[in-house]
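Given the structure of chain H, go ahead and fit chain U onto it with the hints provided.
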Amino acid sequence: MELTRTFARLDKSSVAIAGGKGASLGEMTKAGLAVPPGFVVLANAFDRFIEGTDINVEIDARLKNANHKDINSVDRASNEIRAIIKKTKMPNDIKEEILAEFKKLKAKFVAVRSSATTEDSSVASWAGELETYLNVTEKNAAEAVKKCWSSLFTPRAIFYRFEKKLHKQKVSVAVVVQKMVQSEISGICFTVHPVTRDHNQMVIEAGFGLGEAIVGGMVTPDTYVLRKEDLSILDINVSEQSFAIVKAPRGIIHKKLSAKIGGRQKLTGRQIVELAKLCKKIEEHYKHPQDIEWALEKNKFYITQSRPITTL
Amino acid sequence: MKTIWRKNFDIKRVDINLSAETMPGFGGLNYITVGKNYISQAIWVFENLDNTGTYFPVSELRGLIESTLKTILTDPDKIDKIHKRDIALNKQYFDYAEKLRKFKLNELSGPKLLQLHKRLFNLQYQSHCWALPTTWFLDSDGEDFSKYLINLINTRKQELGLNVETATAFSVLTSPAAPSFGQKEEEDSLKMVDWIQTIPKLKYWFASHTTEELVQLFPSLPPKWKKRILKHHYDWCWTPYTYLGPAYSLDYYLEVWRGLIYEDIDAKSNLKAQKSKLKEIQIQRKKLIAQLRLSKQEKHWFDIAADIVWLKGYRKDCYFHGVYVLDLILAEIGKRGGLSLLQTKYLLPDELPKVLNGKDFSDTANQRIKFSVMYGKTLAGKNLNWSGKGLKIFVGNKAKAFLKKHKFEKIVVKKTNELMGTCACPGLASGKIKVINVPDEMEKMQQGDIMLSHTTFPALVPAMKKAAAIITEDGGITCHAAIVARELQTPCVVGCRNAISILKDGDMVEVDANKGIVRKINK
Chain H
0 MELTRTFARL
10 DKSSVAIAGG
20 KGASLGEMTK
30 AGLAVPPGFV
40 VLANAFDRFI
50 EGTDINVEID
60 ARLKNANHKD
70 INSVDRASNE
80 IRAIIKKTKM
90 PNDIKEEILA
100 EFKKLKAKFV
110 AVRSSATTED
120 SSVASWAGEL
130 ETYLNVTEKN
140 AAEAVKKCWS
150 SLFTPRAIFY
160 RFEKKLHKQK
170 VSVAVVVQKM
180 VQSEISGICF
190 TVHPVTRDHN
200 QMVIEAGFGL
210 GEAIVGGMVT
220 PDTYVLRKED
230 LSILDINVSE
240 QSFAIVKAPR
250 GIIHKKLSAK
260 IGGRQKLTGR
270 QIVELAKLCK
280 KIEEHYKHPQ
290 DIEWALEKNK
300 FYITQSRPIT
310 TL
Chain U
0 MKTIWRKNFD
10 IKRVDINLSA
20 ETMPGFGGLN
30 YITVGKNYIS
40 QAIWVFENLD
50 NTGTYFPVSE
60 LRGLIESTLK
70 TILTDPDKID
80 KIHKRDIALN
90 KQYFDYAEKL
100 RKFKLNELSG
110 PKLLQLHKRL
120 FNLQYQSHCW
130 ALPTTWFLDS
140 DGEDFSKYLI
150 NLINTRKQEL
160 GLNVETATAF
170 SVLTSPAAPS
180 FGQKEEEDSL
190 KMVDWIQTIP
200 KLKYWFASHT
210 TEELVQLFPS
220 LPPKWKKRIL
230 KHHYDWCWTP
240 YTYLGPAYSL
250 DYYLEVWRGL
260 IYEDIDAKSN
270 LKAQKSKLKE
280 IQIQRKKLIA
290 QLRLSKQEKH
300 WFDIAADIVW
310 LKGYRKDCYF
320 HGVYVLDLIL
330 AEIGKRGGLS
340 LLQTKYLLPD
350 ELPKVLNGKD
360 FSDTANQRIK
370 FSVMYGKTLA
380 GKNLNWSGKG
390 LKIFVGNKAK
400 AFLKKHKFEK
410 IVVKKTNELM
420 GTCACPGLAS
430 GKIKVINVPD
440 EMEKMQQGDI
450 MLSHTTFPAL
460 VPAMKKAAAI
470 ITEDGGITCH
480 AAIVARELQT
490 PCVVGCRNAI
500 SILKDGDMVE
510 VDANKGIVRK
520 INK
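Protein chains in written order, with numbering that gives the first Met the number 0: chain H, 0 to 311; chain U, 0 to 522.
Next comes chain H alone, as it looks inside the complex (with noise of 0.2 Å):
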């Protein structure tokens, strides 16, 4: 059986194998585009996690216990799971193939997120509501992994799957490990303008550090708004950073930054144009507006995600 898949053997029609995620890294390495490295921990071994150690029917049980009218009984079911999904041991196959293809990827550290297997979009954004962890070493990556399935079980999770009308059905995960770029600046791009919905401009918002300060709404990042036709860049808006995410010896933390640091301009003209160009490829690529996250390091632009934006 096959339990994982590098990025450069999915694409977009891999959903139900590697997540929404999954798939459209796979695609975007296919097209192309600077996409750090990385392979997928399928739904299949998820799957076999669960139905090879049993604990599928407890966690059915449990989950039929759960009324999602009641938020304590939806409480007490996602600890229970997650206690049963912690305890239980993840398979020694699976296990070892994880860590054989973490070993391709010549990575010290790893992103590891899991990616929802459902073809529903407006499920789909539950996605985000998943977990993500940084700076994952070869070490605890299978913890990691797992800690990504138990995600599919947290109260919100559980409440989104109730509401969707999803609980009767399989729901499954995968889960992408992907070399971590350490980012020095990095942030999101918009190919439609997300205010204005003006198609002819594209929004590019920057913050130092790692994405997650920015994707999580915790620090204004600059923004920057360009024409899509030329490249031009018509207004720049920096905004005072007070904080970055970035690595630390263990994990990630949080560093102070000046007034005269966290002011600067993240990005410069050049380099905002370098990105746009990159992102208006995927936009070309997709056929549609895109909502991608992005990455700085070592001066080299990195996509990390790129998703259809379906609000407009």
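No false leads were slipped in.
Below are the BS3-like pairs computed for lysine-lysine, each with C-alpha atoms no more than 25 Å apart in a straight line: (1) U/K358 / H/K276; (2) H/K276 / U/K353; (3) U/K376 / U/K388.
Simulated from the structure, these hints should not be mistaken for lab results.
For chain U alone, coordinates are given in the frame of chain H:
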């Protein structure tokens, strides 16, 4: 003794590039009018895209103004010559800018772009500054010239026992005979409406769609009609540009014409009325000159005042047109250097070649936009070409320290129910105050409101047209607000200091423009 600095003006939404342009003119080109470099230095303060103050040493500013007034009174022929030359320079500037609009800037080499920029910037500098003593300084510090002329009218009235209203007489006597750019634009727009009205299909097209639909359907209009509409847009889109833009979009014109077509206005008679209004005023003017028994020389002074009113408008319109075109070049330079247009506009012309050579100016520009102080020493003698020599820019703490080192006149704001300004157009009105400083605020303006602005500029004209009276904090009797108010025959009080800090949106006021009084009344 320590130099005392006086605030001469401030400008909302402006940039360093344009401000730097005037520097050598304060000295070198003022020389042409008054034969001496009165102003040796200047300080500008910039904060978040506003020029919050431009300061000159008090004694130097007064020296220049008094000397300019003396020159008008003793040697009016010299002033005529300077004004004539300034008109020619402005025409040259306008025509050159117009020529540049046809260039495909994105295909030009860096050095070629810089060359075009330099030429346009120099023409801008010369046409803007050639007659600066009369077209700006003269009435910028308490309306010296206007007061002198008003005094003359009052004295003559008494001597002859005449029963004419001073404010009206002054307004008529200083009204130019030639139409302003704004009037020409309005005339052209009315001609467009007249043309649309003669084509039933096109008239129906305008009347039967929303503006949004018009914008969408525009590309499918027959080429002949499209061409004419696009031409009007091309010819006039720059009129509201001011210092930072934007220009009118095609949507704006489609909306204006749609409104006029919908109301089914009589474009032909409107056009006639406009022309006869100008003629009417000139007839009145002749009458007044005879009534007041103005001597040939006195009439000459009033002619100069009318010329200044017209030239101020013409010069500014050429300037906004020029800035619109200059910004096309700056945007292209910015594009190549990874800067937004605004960032490019906060650089000095001498820094532009470095932008093209790859130097990153983004942080420099951002800091200047946030808070900066520019200091300049004028160069001695006539300076016919612009030079950035003697200009310094400070940012952050260095800028604060610089301001601390200098002594500025203090401005005291007294809370009062009655404010005094100067009459720019006579009349009485009362209504609700609406504070309007930028085009975005025009929405709140209702027909019959009293418009209060720090200063007005072409983009605010739609709101001015709705106003029962116009009040400005800044500007003299020959400023933009005054010129437009007279065209519209709307009561107008200018130079109403501190009005914005005392009056708020919704306050009921009485405006007695004849006396220059704005009174807050209880609802």
